[in-house]
Amino acid sequence: MEKVIEVRHLSKWFGSNEVLKDIDFSVNKGEVACIIGSSGSGKSTLLRCINLLEKPTSGEIIYNGENILDDEHNIYTYRTKLGMVFQQFNLFNNHNVLSNCTVGQIKVLKRNKEEAEKIALQYLENVGMAQYINAMPKQLSGGQKQRVAIARALSMEPDVMLFDEPTSALDPETVGEVLKVMKDLAKSGLTMLVVTHEMGFAREVSDRVIFMDKGVIAEEGKPEEIFNNPKEKRTKEFLYRILNGNDD
Amino acid sequence: MSLQLMADIFANNWQMFLRGAGMTLLISMIGTIIGLIIGILVGIVRTIPMPEKGTKRTVLKIINKLLAIYVEFFRGTPMIVQSMVIFYGTAQAFGIQMNRIYAGILIVSINTGAYMSEIVRGGIVSIDNGQFEASHAIGMNHMQTMINVVMPQVIRNILPATGNEFVINVKDTSVLNVISVTELFFQTKSIAGATFKFFEPYFIASIIYLIMTITITRILRCIERRMDGPANFIMAGNQMQVERPEDIVYKKNRDR
Ligand SMILES: Nc1ncnc2c1ncn2[C@@H]1O[C@H](COP(=O)(O)OP(=O)(O)O)[C@@H](O)[C@H]1O
Ligand SMILES: [Mg+2]
Numbered sequence: 485m486e487k488v489i490e491v492r493h494l495s496k497w498f499g500s501n502e503v504l505k506d507i508d509f510s511v512n513k514g515e516v517a518c519i520i521g522s523s524g525s526g527k528s529t530l531l532r533c534i535n536l537l538e539k540p541t542s543g544e545i546i547y548n549g550e551n552i553l554d555d556e557h558n559i560y561t562y563r564t565k566l567g568m569v570f571q572q573f574n575l576f577n578n579h580n581v582l583s584n585c586t587v588g589q590i591k592v593l594k595r596n597k598e599e600a601e602k603i604a605l606q607y608l609e610n611v612g613m614a615q616y617i618n619a620m621p622k623q624l625s626g627g628q629k630q631r632v633a634i635a636r637a638l639s640m641e642p643d644v645m646l647f648d649e650p651t652s653a654l655d656p657e658t659v660g661e662v663l664k665v666m667k668d669l670a671k672s673g674l675t676m677l678v679v680t681h682e683m684g685f686a687r688e689v690s691d692r693v694i695f696m697d698k699g700v701i702a703e704e705g706k707p708e709e710i711f712n713n714p715k716e717k718r719t720k721e722f723l724y725r726i727l728n729g730n731d732d
Numbered sequence: 147m148s149l150q151l152m153a154d155i156f157a158n159n160w161q162m163f164l165r166g167a168g169m170t171l172l173i174s175m176i177g178t179i180i181g182l183i184i185g186i187l188v189g190i191v192r193t194i195p196m197p198e199k200g201t202k203r204t205v206l207k208i209i210n211k212l213l214a215i216y217v218e219f220f221r222g223t224p225m226i227v228q229s230m231v232i233f234y235g236t237a238q239a240f241g242i243q244m245n246r247i248y249a250g251i252l253i254v255s256i257n258t259g260a261y262m263s264e265i266v267r268g269g270i271v272s273i274d275n276g277q278f279e280a281s282h283a284i285g286m287n288h289m290q291t292m293i294n295v296v297m298p299q300v301i302r303n304i305l306p307a308t309g310n311e312f313v314i315n316v317k318d319t320s321v322l323n324v325i326s327v328t329e330l331f332f333q334t335k336s337i338a339g340a341t342f343k344f345f346e347p348y349f350i351a352s353i354i355y356l357i358m359t360i361t362i363t364r365i366l367r368c369i370e371r372r373m374d375g376p377a378n379f380i381m382a383g384n385q386m387q388v389e390r391p392e393d394i395v396y397k398k399n400r401d402r
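If you read the protein sequences in the order shown, they are chains Y and L. The number in my numbering is simply the position in the first sequence, starting from 1, with 484 added. The number in my numbering is simply the position in the second sequence, starting from 1, with 146 added.
Isolated chain Y (complex conformation):
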């Protein structure tokens, strides 16, 4: 299996708080990996370390055979290879839907406007938002914003998509439309790393489930193994809590 990103001995401290403890893991090409775990276990921090929104305290992140934490590595080019979808959408408030999906292509990838719009439109079509190209973010519902955010990330044509609880800030009635888009993407063979509390999605869509607890990967495996037959006591406890509707 070809590894797109490999994380080795990754640690992250916030002050005197060790949030990630010597993490080793990798994302394989074409797979959908879901990270689950209680809040505060370090899932977001792991994702944010991978695209360097947080600077890891120590360890290596290998991409294309190179450690991108080396000083001379261009982090801006690296970041264009990773698409990030945030819990809070974070659409650019001063850009309309289309421009949200083209500004990165034009300013960072230096594509021309025409090409960028063509690509953006194609992805907006895929997420069902093509008829909203002139809308401003504040005119959209949460589910619509998140679909645009997904299209924005896809428009950069990244190697991996990172999702950090993409449905956690949504009204219940719009969660479905976003999950549907993500399922379609998963089927299309896109490489995805998804932090989620949607156990149904993790079970149905993912190739691999990673359970994090207190800054370590406590258990990982195929979804049926993790959900039907967890080995670790803390995995069982977490699944029991979340499937009975009270995480934390």
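Hints were generated in silico from the structure; no laboratory data involved. On a predicted model such as this, the values are computed, not experimentally measured, just so you know. There may be inaccurate statements among the hints.
Each computed DSSO-like pair below joins lysine-lysine, with the alpha-carbon atoms no more than 27 Å apart [said to hold, decoys possible]:
(1) Y/K664 x Y/K602
(2) Y/K505 x L/K199
(3) Y/K539 x L/K202
(4) Y/K539 x Y/K565
(5) Y/K594 x Y/K565
(6) Y/K539 x L/K343
(7) L/K317 x Y/K539
(8) Y/K513 x Y/K487
Based on the hints, put chain L with the ligands in the right spot on chain Y.
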């Protein structure tokens, strides 16, 4: 005093009054615009993330220190003193006599720039961190983030404060009379000197100042209401003139 006298003085000198008012408006408008540009540039530089080590860090630290001194100095000293120091200082140091109007514009610009720097910085800080993170995640560097995402939002949010600086400048350009810029106060002083009347010319000048500031304030308030401004940017440490408390309440209710 008599109304008749007042009318006579105005009738005989209206061109001087108007020219003075025109000069006042010109200097304060250009000064505000250049001040805004200075404020934006300083704001961009002062929010560059600090590198962890190396010469870049040292250079950036020195620049930040200098900018902080600039802001402190011009906010902490009266513009009337700044005018004297800059105008006579450059004359003494370089042996050049600056054009008085340019000197006036320069002084108002860098003075406004100091205030606008703080306002812009407040504006940048008030932008949701998610906007920066999304920009970085897509591969933008600091400059690209600022130009394409942050500054357009900041400028929109600080328009009221900028208008406010404009109104303040209309009044404060009167201090430029100490370096003989022919703005409204200077012209009034000349008229008073020529007519040996003092109350009447200055009273007329005060009415003209009032007309200018009220008109500008009204126009700005109109523009602001038309724009859907920020929901939650409350200006601090600024001598707010354009926005009244009831405007803030109005905005809050509207945004709800
Ligand atoms: N910027 C930060 N500064 C300090 N502590 C942080 C920061 N971000 C996260 N943490 C801490 O790191 C731990 C893990 O957080 P996070 O990765 O957000 O967990 P999760 O996404 O699994 O809920 C938490 O204890 C949180 O308080
Ligand atoms: Mg999280």
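Against the structure, test the hints numbered earlier, and report the numbers of the ones violated in rising order.
-> Numbers 6 and 7 - these are the hints that the structure violates, sorted from lowest upward.
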